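With the sequences and hints as input, model every part of the structure.
These protein sequence lines are chains B and P, in that order.
Per our numbering, the first sequence starts with residue 2, numbered consecutively.
Per our numbering, the second sequence starts with residue 2, numbered consecutively.
Just to be clear, a hint being listed does not mean it is correct.
In this list, chains with the same sequence are indistinguishable; a pair is considered to hold if it fits within one copy or across any two.
The calculated DSS-like cross-link candidates involving lysine-lysine, where the alpha carbons are at most 27 Å apart (straight line), are [stated by the list, open to error]:
#1 Lys428 <-> Lys328
#2 Lys250 <-> Lys144
#3 Lys53 <-> Lys448
#4 Lys469 <-> Lys328
#5 Lys516 <-> Lys350
#6 Lys469 <-> Lys437
#7 Lys448 <-> Lys469
#8 Lys350 <-> Lys318
#9 Lys29 <-> Lys448
#10 Lys97 <-> Lys437
#11 Lys250 <-> Lys229
#12 Lys353 <-> Lys448
In case anyone wonders, no lab produced these hints; they're calculated from the structure.
Since this is a predicted model, take the numbers as computed values, not measurements.
Residue-level listing of the chains:
There are 2 protein chains.
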Amino acid sequence: MACLLWAFRGLSAAVFLSALWGAVAGDKLLVVPQDGSHWLSMKDIIERLSEKGHEIVVLVPEINLLLTESRHYTRKIYPVPYDQAELENRYRSFGKNHFSQRWLLNAAQTEYRNNMIVVGMYYLTCQSLLRDADTLSFLRAGKFDALFTDPALPCGVILAEYLGLPSVYLFRGFPCALEHTFTRTPSPSSYVPRYYTRFSDHMTFPQRVANFLARILENIVLDLLYSKYEDLARDLLGTQVDLPALYRKADIWLMRYDFVFEFPRPVMPNMVFIGGTSCKKASVLSQEFEAYVNASGEHGIVVFSLGSMVSEIPEHKAMEIADALGKIPQTVLWRYTGTVPPNLAKNTKLVKWLPQNDLLGHPKARAFITHSGSHGIYEGICNGVPLVMLPLFGDQMDNAKRMETRGAGVTLNVLEMTSKDLENALKTVINDKSYKENIMRLSSLHKDRPIEPLDLAVFWVEFVMRHKGAPHLRPAAHDLTWYQYHSLDVIGFLLAVILAVIFIALKCCVFAYRKCFGKKGRVKKSHKSKAH
Amino acid sequence: MACLLWAFRGLSAAVFLSALWGAVAGDKLLVVPQDGSHWLSMKDIIERLSEKGHEIVVLVPEINLLLTESRHYTRKIYPVPYDQAELENRYRSFGKNHFSQRWLLNAAQTEYRNNMIVVGMYYLTCQSLLRDADTLSFLRAGKFDALFTDPALPCGVILAEYLGLPSVYLFRGFPCALEHTFTRTPSPSSYVPRYYTRFSDHMTFPQRVANFLARILENIVLDLLYSKYEDLARDLLGTQVDLPALYRKADIWLMRYDFVFEFPRPVMPNMVFIGGTSCKKASVLSQEFEAYVNASGEHGIVVFSLGSMVSEIPEHKAMEIADALGKIPQTVLWRYTGTVPPNLAKNTKLVKWLPQNDLLGHPKARAFITHSGSHGIYEGICNGVPLVMLPLFGDQMDNAKRMETRGAGVTLNVLEMTSKDLENALKTVINDKSYKENIMRLSSLHKDRPIEPLDLAVFWVEFVMRHKGAPHLRPAAHDLTWYQYHSLDVIGFLLAVILAVIFIALKCCVFAYRKCFGKKGRVKKSHKSKAH
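Below you can see the structure in the form of structure tokens.
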């Protein structure tokens, strides 16, 4: 009944919108999203698709963070084995743990364990979805034209195979740049830095050694993350499943970056670069924020947010930060819901939420203190505001490295930094003009494009729905075994031929030598013996 | 004086056009073109750039084939050491030789020698340009914003370095896919077929062996073609020059293909795929051709052209072809300037020129007999007309293979085919509906794009002029030596470490063994000797 109601809602929204836009596209898209910040980019694309008259069904776990109702899509809700309190508790622990001290030897293990607090929950979500007979039967009957998913975790990837649907992936590249790793896009370790290494594309020899080894370690991480999903897929599909082979079936990869941000590297024809979809034209500020900005005077403002995943900072760290913020002449707008640090200076305004893009787009924005998630980085780029980066987890350390390499910001280790470090970093990016110039250069390069990234994303989702896939973009590499792909059988064969030729040539030489000189030798010998 | 006149002409055209379009872009582009069919795509882009208000100077040898005057650009003419008769004679020989019989063992040599008839002349053209003090001084004083060239031969590439200009290349990929070979774009020989092999992207084991070897041979061909230019570049630049290093400085590669035509493979972020710029909406036919088409009745027409480079066909071959054409019910419009074959049937109309795209765009077009140059192929794709392909030289054999693999046409060996072969091929592509369906599918995929390829090409030339290059798209691979790029130093180092660890571990074991058992052994021995 609930399904019917949702379907009806979706239908009525589609009819309303198509009447509004004068065109019934009539395509039906199934969306398997990733909750959390990943959803934000996907939502923008879905809303635009809905406005173009497509019918959209989003698969939503009954307990979730951001997957709210919308007039743009119908939600198909499925049960999960945890409650709202557990979800919030896990996210809180996840956020909090980024501030716990870690040591060189256990850093990787700590990071992995912390990620698993949330990732483990997502596994339960996926397991619940793929075993929910009601949802599966709804999906089988759904007659969708394509599936749109975030492939950071493979639930949507498996469902596309189950439903036999062409698919479009929306992805930042984390974890493990699996858009390249799983799809055989060449990634020479000599200049393509691996995640977590924090290297740039110009590496020293020891860095290249580490990067080479990191490439091998990636396989272990991928196995740890995904092997369990292979079991889920096997149960659902009734056959042994190789997860990379499923990922290779993606028709289009919409990559949430471009090469103003990411280092240039080999890519494949079915990858479309749509970095910056989240950048919007800055709107007029509300009275509250307009008042803050106006009061900031000639010094302007600094915007400070560590994103939606981090609500609390340990008190001693918050005090260190507050101390640093109090030492710059700018007004700081700090999005923070934790306990107010007792040493908070007058120039620092704590807010529960802030219109980040609109503030960054204001001419008085002087710097942006960010955790360097890809959305924040792009808002910094779009609005040309120099960055002070306090990366916390995931791709954030590597994102920060990319912007630092381009001279558009300064990175600090949030665990190790002192109050003075933050103060200096802020003063540097504000007063050293090169930072502003560099981020303005990136901004102008990023904005100078033949088509808006959001339009490009929408185009390719529609393309896949129209043509039932994009098999003409599928490289033949996907039909080769690993040793064929690397031509190892060819090299082996050629080596065998060369060795055979050398062997035969040697044999011939020996034979010829014996023919020519063997008898003479013997003759000579016999002469000699006669002489004796 | 002549230069001034040209400059003035260019200026007045630019002012006129900018007034017409209401925007003075004010950028100045230097064009170093390649004469012959390559020029056709470049001309389209230049005309659009001129219409957008840019000032364009095209470097033109005083003796040329297609580089005619135009209101869209100023020509800067430089002297060459040959006359019109020699030029035409070389092209005639080049065209004619494609019909001379060749044998397996000397095929490559014959093809190379034949190409050198024209390529050798282009070398003289380039030599003359790079040694012409007047032209060089004109260029140095020109204050250009960028250089636009066809890099099939490296004259423009060298000039970009000499003038210190950012550059945009327009290229089909022939010879030797140098957009990948020279720029370190990974091209696994297991599924990326080499030119001249006529392989598809799905190769058998023997084909993969041949393709692997062809990759090695490519280097020899490149050396044969380009080493002489390194001397020219050294003389001009006053320093030893590595030609691939110059090619790597290209800011943008505009590739005259897309992946409806080409096999999907790794590419680089500074490559833009603009296949199909030459396709235009079919115009209304002239009275002469309209009459032919109308008279063709329900059977429709077949369009036949071997391109602008081939004017004559040996008589016996022309008769074979005429014989086959007479055996199909369609009216054949054959662009042919040679002697009329005596057996020409009534359904075959010989014309000196034909509006190829407009005829292919007519609903009565049933098939297109083409030499499968990339322009013709794209006109076939755009208009959805099945192909009978008679490839003659260069990339044409490989182009034909691409279309044949997609079931959109049939390839014949023009030297070996009989009249019956051609007749059968025509009947097949016309009567077997799969050919029409396949090329219509390619057509719909090719035409379904977010932006027109010509607009995309113009955008990127303007981008490079606006930003004085596109260094943000330059991969760090270009700063590595060959052994660093392939991580050979890293692998060597790690192997050394592994060997050292094994060696030390073994030594330790031996030492420990001796410590533990050595004495006992000796003790036992001494016991034994005592016992004795």
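Go through the numbered hints given earlier and state which of them the structure violates, listing their numbers in rising order. 4, 5, 10, 12
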